[in-house]
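Participant: Single-letter residue listing:
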Amino acid sequence: MKIDPIHQFNIEPLFTLGHIGNHTIAFTNSSLFMFIAVLLIALLMLASGRELVPGRLQSVAEISYEFVATTIRSTAGAEGMKFFPLIFSLFMFLCVSNLVGVIPYTFTIASHLIVTAALALLVFFTVLIYGVYKNGLKFFSIFVPHGVPIYILPLVMFIEILSFFLRPVSHSVRLFANMLAGHIALKVFAGFVAMLGFSLGALGWVGGVLPLALTIALYALELLVAFLQAYVFAILTCIYLNDAIHPGH
Amino acid sequence: MAESHGEAKGQKAGAHTETDGGHHGGAFPPFDSSNFASQLVSLAIAFVALYLIVSRIALPRVGGTIDARQNKIEGDLAEAQKLKDESDAALKAYETELANARANAQAIGNETREKLNAASEAERKALEAKLAAKLADAEKQIATTRTNAMSNVRGIAADAAGAIVQQLAGVTPDANAVNSAVDASLKG
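Residue numbers (my numbering), protein chains in the order written: chain A, 1 to 249; chain B, 1001 to 1188.
Since the hints were made in silico from the structure, they are not lab data.
Since we're looking at a predicted model, the values are computed, not measured.
Incorrect hints may appear among the rest.
Said to hold, decoys possible - Computed beta-carbon distance windows for the label pairs:
| # | chain 1 | residue 1 | chain 2 | residue 2 | range |
| --- | --- | --- | --- | --- | --- |
| 1 | A | Phe143 | B | Gly1064 | 38 to 44 Å |
| 2 | B | Asp1085 | A | Phe125 | 51 to 57 Å |
| 3 | A | Ala47 | B | Glu1095 | 53 to 59 Å |
| 4 | A | Ile161 | B | Ala1049 | 33 to 39 Å |
| 5 | B | Gly1063 | A | Gly18 | 34 to 40 Å |
As the list claims (entries may be wrong) - Derived contacts from chain B toward chain A, CB cut-off under 8 Å, selection only:
| # | residue |
| --- | --- |
| 6 | Ile1057 |
| 7 | Leu1091 |
| 8 | Leu1098 |
Glycine included, every Cβ here is placed at the ideal spot set by N, Cα and C.
Work the whole structure out from these sequences, hints included.
Facilitator: Now the structure itself:
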């Protein structure tokens, strides 16, 4: 019995869609789970009722709505509500796909850097383009903090600019690494149970209780991380958008 | 799994050499650039679809439901407030009405009492006047009677005096002298 914690991240093409240049565009298991996430969100948001007194499903839909709306208002102000659909889409897409990904034998979309990087770059360019469109050159005042002595200003500006351009990196790697590491740890500990049992017999199955307990604890943690990382991604998006909306701060 | 991976690699011309999958999966899948294009295309389609669903249908729908509820709650509260104000006003009107009626009743009572008092007073005065008139009449009658009686007494006294004088003196006294003597005696 061999533990292969990386296997869960494999991209398996289900069928080929076409070619762009010399790239093969395939419908993969990753694509499947992306569309599952979209479908689940659409079901949640559209199939829930419109009752005055909400039922369970409607409550979940409304709580998601209010949760994201409150997050935006508290971090980016009322003007940030322009980006409500974007942030809601990002949050729900990541939250649902992460939660689906915690279920055994499923695929976690956010465990691939290319996906999180694409989303982070989407946010980055939205901030950059909207910031310049709305504030013109004043947008770049975010690189010049107030009250910094003139002789260290160039250094501070350099750091600010560097950190601004590193945002998509930290934004994407944080999510990707959390999902990847969590799933690997989960798989390793779960694998120990089977490995002990198959190699040591009855004693092994008894000894497997310990890694099993750990797996359960890790599973709970992963559920939290799945939600939390989606939330962190969304709230960072809000904070970055706040720069574009109010560059004076 | 290794096979499927190799297949995916195979489909791509000039695949990275690091991924000739002999042992499980070859390259670490998240860093396997041969899958990037497929994932990006799927992500673009899925995310744009999600964005359209969310921005065009889902959020207006859920937001509308929440707003409708908020409006309903506010409307109901306003309605309740209005009804409360109305009942307060009605209570106040009732109280004013009651106070008015009470004041009215008091006024009517006072008026009636005064009227009755005045009437009884008038009656009493009339009665008193009548009694006083009767008293005066009676007094006058008494006075007349007394005068009469007095004059009779004088006559009787004069006669008696004349008779006594005649009896004693054997002479008939002068009537005038007797009268004046009686008068003097009566006065005395």
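Participant: Look at each hint and say if it fits the structure.
Facilitator: Hints versus structure:
1. Checked against the hint of 38 to 44 Å, the pair A/Phe143 and B/Gly1064 passes, with Cβ atoms roughly 41 Å apart.
2. A C-beta distance of roughly 56 Å is found between B/Asp1085 and A/Phe125, which places it inside the suggested range of 51 to 57 Å.
3. Checked against the hint of 53 to 59 Å, the pair A/Ala47 and B/Glu1095 passes, with Cβ atoms roughly 56 Å apart.
4. Against the hinted window of 33 to 39 Å, the Cβ-Cβ separation of A/Ile161 and B/Ala1049 comes to about 35 Å, which satisfies the hint.
5. Checked against the given bound of 34 to 40 Å, the beta carbons of B/Gly1063 and A/Gly18, roughly 38 Å apart, stay inside it.
6. At about 6 Å, the closest approach between the beta carbon of B/Ile1057 and any beta carbon in chain A falls short of 8 Å, and the interface hint on this residue holds.
7. For B/Leu1091, the suggested interface contact is broken, since its CB lies about 32 Å from the closest CB of chain A, more than 8 Å.
8. Interface restraint check: B/Leu1098 against chain A, minimum CB-CB distance 42 Å, threshold 8 Å, status violated.
Figure legend: structure checked against the earlier numbered hints; hints not met, in rising order: 7, 8.
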